[in-house]
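S.K.: Make a model of the complete structure from these sequences and hints.
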Amino acid sequence: MRNTNLFYKLAMKIKIKIQETGKEQFQKLFMVNRFPSGRSGKVVYLRPEYHERLLRIVQLSREEKITLYSYIDNIMEHHFREFGEEITAYFNERNKPIL
Numbered sequence: 005m006r007n008t009n010l011f012y013k014l015a016m017k018i019k020i021k022i023q024e025t026g027k028e029q030f031q032k033l034f035m036v037n038r039f040p041s042g043r044s045g046k047v048v049y050l051r052p053e054y055h056e057r058l059l060r061i062v063q064l065s066r067e068e069k070i071t072l073y074s075y076i077d078n079i080m081e082h083h084f085r086e087f088g089e090e091i092t093a094y095f096n097e098r099n100k101p102i103l
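Here our numbering is used: position 28 in the sequence shown is 32, and no number is missing along the way.
The hints are all genuine.
The calculated DSS-like cross-link candidates involving lysine-lysine, where the alpha carbons are at most 27 Å apart (straight line), are:
#	residue 1	residue 2
1	Lys46	Lys32
2	Lys69	Lys46
3	Lys69	Lys32
Label pairs and their computed distance ranges (CB to CB):
#	residue 1	residue 2	range
4	Tyr94	Leu50	18 to 26 Å
5	Lys69	Phe95	34 to 42 Å
6	Ile102	Gly26	40 to 48 Å
7	Asn37	Arg57	12 to 20 Å
8	Leu72	Glu97	30 to 38 Å
9	Glu28	Glu97	34 to 42 Å
10	Phe30	Arg51	16 to 24 Å
If you are wondering where the hints come from, they were derived from the structure by calculation, not from laboratory data. Glycine residues also receive a C-beta, built at the ideal position from the N, C-alpha and C atoms.
M.R.: See below:
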């Protein structure tokens with residue numbers, strides 16, 4: 005039951021943030037090219053439909069020339085910043101200390 009509440013809170017927080025953010029906020033958060041090349045990163049596999057969707061979004065930013073690597077990095081940075089406390093609590097609930 006506790007896990008369900010945690011996931012519900014996360015879902016509601018996401019819904020509220022989406023409603024609060026507008027087009028400009030989205031562009032400031034995610035459409036910023038911090039890394040012109042993704043060569044120093046790691047390989048991550050995505051669902052084909054997500055990969056296609058992400059590529060289409062990135063291709064719309066012709067002026068900024070944002071890379072797929074940079075766009076995904078921006079999404080992950082936002083996710084961890086917004087939900088860091090919840091993620092830590094979730095992790096701590098499931099891991100027992102060594103000593």
